[in-house]
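Number of protein chains: 2
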Amino acid sequence: MLSEAQLARIDIVLVSPRNPLNIGAAARAMANFGFTRLAVVAPYEPHWQEARSAIGAEQLLRNARECATLSKAVATCTLVIGTGTVTLRKPEQQVVSLPDLAPIVEKELAREGRIALVFGPEKHGLTRENLSYCHLLVEIPTDVHEPSMNLGQAVAVCLYELVTRVIPDADTVSAPAASQPGVEDPVALSGQLDILAEVVEQTMIAADYSPLTMLAASRHDLRLLLRRLRINPSDSRRILGLFRRILWRIQRANGAGPDRG
Amino acid sequence: MLSEAQLARIDIVLVSPRNPLNIGAAARAMANFGFTRLAVVAPYEPHWQEARSAIGAEQLLRNARECATLSKAVATCTLVIGTGTVTLRKPEQQVVSLPDLAPIVEKELAREGRIALVFGPEKHGLTRENLSYCHLLVEIPTDVHEPSMNLGQAVAVCLYELVTRVIPDADTVSAPAASQPGVEDPVALSGQLDILAEVVEQTMIAADYSPLTMLAASRHDLRLLLRRLRINPSDSRRILGLFRRILWRIQRANGAGPDRG
Numbered sequence: 001m002l003s004e005a006q007l008a009r010i011d012i013v014l015v016s017p018r019n020p021l022n023i024g025a026a027a028r029a030m031a032n033f034g035f036t037r038l039a040v041v042a043p044y045e046p047h048w049q050e051a052r053s054a055i056g057a058e059q060l061l062r063n064a065r066e067c068a069t070l071s072k073a074v075a076t077c078t079l080v081i082g083t084g085t086v087t088l089r090k091p092e093q094q095v096v097s098l099p100d101l102a103p104i105v106e107k108e109l110a111r112e113g114r115i116a117l118v119f120g121p122e123k124h125g126l127t128r129e130n131l132s133y134c135h136l137l138v139e140i141p142t143d144v145h146e147p148s149m150n151l152g153q154a155v156a157v158c159l160y161e162l163v164t165r166v167i168p169d170a171d172t173v174s175a176p177a178a179s180q181p182g183v184e185d186p187v188a189l190s191g192q193l194d195i196l197a198e199v200v201e202q203t204m205i206a207a208d209y210s211p212l213t214m215l216a217a218s219r220h221d222l223r224l225l226l227r228r229l230r231i232n233p234s235d236s237r238r239i240l241g242l243f244r245r246i247l248w249r250i251q252r253a254n255g256a257g258p259d260r261g
Numbered sequence: 001m002l003s004e005a006q007l008a009r010i011d012i013v014l015v016s017p018r019n020p021l022n023i024g025a026a027a028r029a030m031a032n033f034g035f036t037r038l039a040v041v042a043p044y045e046p047h048w049q050e051a052r053s054a055i056g057a058e059q060l061l062r063n064a065r066e067c068a069t070l071s072k073a074v075a076t077c078t079l080v081i082g083t084g085t086v087t088l089r090k091p092e093q094q095v096v097s098l099p100d101l102a103p104i105v106e107k108e109l110a111r112e113g114r115i116a117l118v119f120g121p122e123k124h125g126l127t128r129e130n131l132s133y134c135h136l137l138v139e140i141p142t143d144v145h146e147p148s149m150n151l152g153q154a155v156a157v158c159l160y161e162l163v164t165r166v167i168p169d170a171d172t173v174s175a176p177a178a179s180q181p182g183v184e185d186p187v188a189l190s191g192q193l194d195i196l197a198e199v200v201e202q203t204m205i206a207a208d209y210s211p212l213t214m215l216a217a218s219r220h221d222l223r224l225l226l227r228r229l230r231i232n233p234s235d236s237r238r239i240l241g242l243f244r245r246i247l248w249r250i251q252r253a254n255g256a257g258p259d260r261g
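Residue numbers (the working numbering), protein chains in the order written: chain F, 1 to 261; chain V, 1 to 261.
Because the hints were derived from the structure by calculation, they are not lab data.
Among the hints, erroneous ones may be present.
Identical chains blur together in the list; that is why a pair holds if it fits in one copy or across any two.
Said to hold, decoys possible - Pairs of lysine to any residue residues, derived as SDA-like cross-links and limited to a Cα-Cα distance of at most 20 Å, are as follows: (1) Lys123 to Gly24; (2) Lys123 to Ile55; (3) Lys123 to Ala57; (4) Lys123 to Ala54; (5) Lys123 to Leu21; (6) Lys123 to Gly56; (7) Lys107 to Ile167; (8) Lys123 to Ala5; (9) Lys123 to Thr213.
For clarity, every value in this text was computed on a predicted model and none was experimentally measured.
Bound conformation, chain F alone (with noise of 0.2 Å):
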């Protein structure tokens, strides 16, 4: 079994969950497995309601963090992974089989990451802008017939392959080797390279990059490119700092423009 420190580095994040069973059910395997931190993300109000205060409800569930967006949930995130069966789609980042899994979460939790396993809603799974807030997507290996899992189920399955994979106390173990040249850096919190993006895309916009009808997709594609990057913390700084002080001139010149003319 993972170790207590490492399991309270990993958050489980529900998008949208609509079914109370399906809530209940989610947070029991996290209590199976250890798991104690779960958020979700806008509820369905009287279903979640009804999940959190039901007879025999998980003290998880009761103590769970609920978020408006997916993009607070993870915010202090180093390595965002999304759920879901790559079928009608192109996925836009790296796509990693369920049972390969394990090193990367190993990887992670041995540099001090905080890891978000995200799972989108019953129906449709998550959308395509919440899997840009994502570094990696995780598929489950299902029948082609029949790929799309139940919400619970899905969760029980990704929590034991963690639970039964991910080298115990990988962390510890690996402790002599975090301190010698070619072990990688920490990267940037997830809600770091939000903030980044606002600025470049506020310079891009100022400096009329795109036209503001390509705004959106101007916008999912930036998202994707920051994760692609794993940007450390300190560069994640100063890039800001860059994109800051060229939005300032950008906007003090157009302000300035009349002046000029």
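Given the coordinates of chain F, assemble chain V onto it according to the supplied hints.
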């Protein structure tokens, strides 16, 4: 993924399931992972019919076998695997943690065996009587504070483990090895062992081997003993023949007793 031929040699058996939602969830997990053979033992009829006729019910649920006893459900199997959490009682047979199950299943498929994976009722799991039909117990490694899993989730986790960790077509791959010495013989079917146990028990009674008050306990121990031995089919027939002969002699002697007296 396992081949269709391999999946067709693994039966999923639900003993006295109560909740129609759990029955549906178990069937859905089977469909997700490509399993097709479901048997239910002594289900609570109204709930079983409800699950079976539910809109969107899996085809495999409608094709499920309904058996009066576990003995009948697993009669053609050579390896019966019980599931559960070993907390309250001392197990009477080998216990394997789920992540270690795959090599055992591979070996059984390689020698053309038929496997049953047996799940108990929601409330209390498999009874001691149920367990005496099992060659092996498998345990899902859950948290000690919350060990008991939901039925549908337990089925999903077990099937995920088999599908992802059993080497696909291990029977084809290891076919050349099968003719080499040292590879284990096929083993007797569960139903053959039941017939043998019946005759041995009659012989014990006829021979006044143990008091009638001990009969239930002896029967239980005998069932477990025969499964521990992993008798091959021809030896099973040989032993059966021997006991039938002994039984006939004792009965004749008992019947002839007064003549000699």
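Hints and how they fare:
1. Lys123 to Gly24: For Lys123 and Gly24, the Cα distance is within 20 Å both inside one copy (17 Å) and across copies (17 Å).
2. Lys123 to Ile55: Between. Shortest inter-copy distance 16 Å satisfies the 20 Å Cα cut-off; intra-copy 26 Å does not.
3. Lys123 to Ala57: between (24 Å within a copy, 17 Å between copies)
4. Lys123 to Ala54: This pair counts as between: shortest inter-copy Cα distance 18 Å, intra-copy 23 Å.
5. Lys123 to Leu21: The answer is both: 14 Å in one copy and 18 Å across copies each meet 20 Å.
6. Lys123 to Gly56: Intra 26 Å, inter 14 Å, cutoff 20 Å: inter-copy only.
7. Lys107 to Ile167: Answer is within; shortest intra-copy Cα gap is 10 Å, inter-copy 26 Å.
8. Lys123 to Ala5: Close neither inside one copy (34 Å) nor across copies (32 Å); limit 20 Å.
9. Lys123 to Thr213: neither (30 Å within a copy, 58 Å between copies)
In this structure, the hints that do not hold are numbers 8, 9, in rising order.
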